[in-house]
Amino acid sequence: MNYQPSSHDFVVENREQKTFFVNREVFVSADVLEREQRAVFDHCWIYVGHASELKNPGDFKTRPVAGRPIIFCRDREGAVHALINCCRHRGALVCREREGNARQFYCMYHGWTYHPDGRLKSVPGADAYGAAFDTGEMGLVAVPRLEAYRDFYFANFDRDAVDLGSYLGGAKEYIDLVVDQSPSGKMQIVSGTQEYDIRANWKLLVENSVDDYHLISTHSTWLNYMRNSGVNVTPPKGELLPTRGFGRDLGNGHLTTDNPNYRGRPVARWISVYGEDAKADIDAIRNELVSRLGSARAARVADTNRNLCIFPNLVINDGSSVTVRHFYPIAPDRMHVTAWALGPVEETEAQRARRLHAFLTFYGPGGFATPDDVAALEAAQLGFAAWREVPWSDLSRGMAKAPDQQLATDEGHLRVFWRKWSELMGARV
Amino acid sequence: MNEIVGATVSRAEVEDLLYREADLLDSWRLDDWLKLLTDDAAYYVPPNDKPDADPRFALFTIADDMVRLRERIIRLKDPNCHAEYPLSRTRRLISNVRITGVDGDVIAVVANFIVHRFRHNDLQRVFVGHYRYKLRRQGGQLKIAERRAILDAEELGLLGSVSFIL
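Residue numbers (this note's numbering), protein chains in the order written: chain A, 3 to 431; chain B, -1 to 164.
None of these hints come from the bench; they were simulated from the model.
Just so it is clear, the structure is predicted and the values come from calculations on it, not from any experiment.
There may be inaccurate statements among the hints.
With a straight-line cut-off of 27 Å between C-alpha atoms, the simulated DSSO-like cross-links for lysine-lysine are [what the hints assert, rightly or not]: (1) B/K141 x B/K75; (2) A/K239 x A/K57; (3) A/K57 x A/K123; (4) B/K33 x A/K188; (5) B/K48 x A/K57; (6) B/K75 x B/K33.
Produce the complete structure using the sequences and hints provided.
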C-alpha cells in the first residue's frame, strides 16, 4: 500500500490513485522562499492598492509590494503611479510617512526632491556633476508595469508579462460580482487598516482563505454566535457547511469558492443580526440591484458568498462583508497581512455601519473567526518542524469526483493554486 | 484638580475600578468583568493607523456593542475558541490614571496600559497604549459605559490577534 508518494517533488499528483500531496519543505525552506520571490512574485501581477485610496492629486500611500518599498500615488494631473521608494542618489526612502498628500518627495539624506509623478525636481549643488548627468533620466523608478482592473491596481516586475486583463482571466467575472454591488460601479476602501503578522508560511493563508472544509471545526464559536443571533446555520444531516457550495478553477492559478449565502450580506440579504429596522433598507438595496442587473444577476450578486484568490497573494472575500487582503512572506514561517473593508461609495451611514459590524464579527484580528484561522495556521507551522519525518500534506479531497462536482469543502480549488505554483517554481533542483 | 471633580468621583475610586477590572481580566473572570459594565456599554479597539476614528465610518479591530461583547465572552469561555485555548496568561499594568472631564453623569478617564501576554508555543507579546474610558454611576456603583483601548503600535504586526479582552 503506497498511499503517500516516494517522490521528492514538491507537489505530487497521481490522477490514477486520485491523490495530491504537497511536500512540507515548501513551508519551511529559505531556499524555496528565495525561489518563490524570484519565480512567482517577480512574474505575477501583484496587488498594489485601490484607486479610492488616492482621492486627490498628490495623495500617496507607502507600502511594500513584492518586497519592494513602493509609493502608490496620484500626481498633480490625476494619473496613478507606483514608484519605487528609493532615492536615485544613494538609495534612502524618499517618503517615510504611511500616507498623506505631497507636493514633492524629499530625500532627507542629501535633499534630492522628486515630483509626485516621479520626475527629479531638484538636486542641491547640481553643478558638481559632469555633463553626462541627466536629470531627465534620474527620476524615481516606476514599477515596470502598473495596470488596473475596475480600480484594483496591480504591479508586475516582469516587463514582458501578459497584460493584467489576460492574466486575471476568469477571475474578472468574480471581481465584477463584487463591484456590481455599487449602483455606479464604484467601490471604496473604508478608512482603517488591519495589519498583522501570522507566524506561518504565506501559502497556508491562500489555502485557508478558500478552504471551507475547516469551517465547523475551526469556527464553531462563530457558528454559535450566529445561532445565538437567530441565524439558521445548521446544515442538512450528513452535509458539511456551507451546503451546495462549489470550488472553482478560474484559470492562471486563480480560484474561488462559490457558495449559496446563509450568513447574511449587507448587499442584499437580511439576517436577524441586522435587526428588524434594517429589513426595509436591505429590501431597497435589493430592489435597486434587481432593477439595474435583472433578477438573475442580482441573485448572483446578493445570494452567493465568494472567497476569491487572485494568484498568488490577493484574496477578496465577499462574504458577510467584503474584505480585500493581501499578504507577503517576511520569512518562511512568517507573513505580513494587510486587510481592508470594501464597500459601495453610495452607502448611507447606516448601511456602512451595518457592513462594518458584519465585517468585525467574522473577519480580522479581533473578529470571532480570523484569530482561530491564525491559530490553525500557526499550529500547522509548528507541526512542520517535523517535515522530514512527516513530509506530506494531503490535498486529495474530491479528486475522485468529476471536475464540476468539486465542492467548496473539497480541495479541488486548493489544487488549482498548487498546480500553478508548481509550474512557476519548476522542477525541484 | 484631578483629585476631586464636582465632588462626584475621586481618582482613587476610579483607580480602584480600573485595578479591579485589570485583575478580573488577568484572572479570566469574564462574567464578573461584565458586571463592571453598564447595560449599554461599548468596547473599542480602533485601527492602529486611525486611532481617533469613529466605528461607524472606519474599520476597527474591535467595535463591540453589549450584545456582541456578551457573545465574545461566550466565545472566550469555549474551548473551541482556538486563539485562546489554552488561555493566554496576561498581566496588565495600569498607570497615569487621570480624570479628564465630567459631562453630565459621564466621567471621562484616561489611563496608560502595558499588557504582557504569554502563550504556550508562542512569543511573549507586549501591548502598549492608553485607555479612554467613559464611566457612569449606576445604583451608587461606578461602572464602565465605554472603554477604548488605543494601541501605540503603528500596526499590529507581531502582536498578531487581539483575541483576549485588551
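Hint by hint, here is what the structure shows:
Our distance criterion of 27 Å between C-alpha atoms is met by B/K141 and B/K75, whose separation comes to about 23 Å. The hinted pair formed by A/K239 and A/K57 fails the criterion: a straight-line CA distance of about 50 Å is larger than 27 Å. Restraint check for A/K57 and A/K123: satisfied, since their Cα atoms lie roughly 23 Å apart, inside the 27 Å limit. Restraint check for B/K33 and A/K188: the C-alpha separation of about 45 Å exceeds 27 Å, so the hint is violated.
Under the criterion of a C-alpha separation no larger than 27 Å, the hint pairing B/K48 with A/K57 is consistent with the structure, at around 17 Å. This hinted pair checks out: B/K75 and B/K33 have alpha carbons roughly 16 Å apart, not beyond 27 Å.
Comparing the model with each numbered hint stated earlier shows that hints 2, 4 do not hold.
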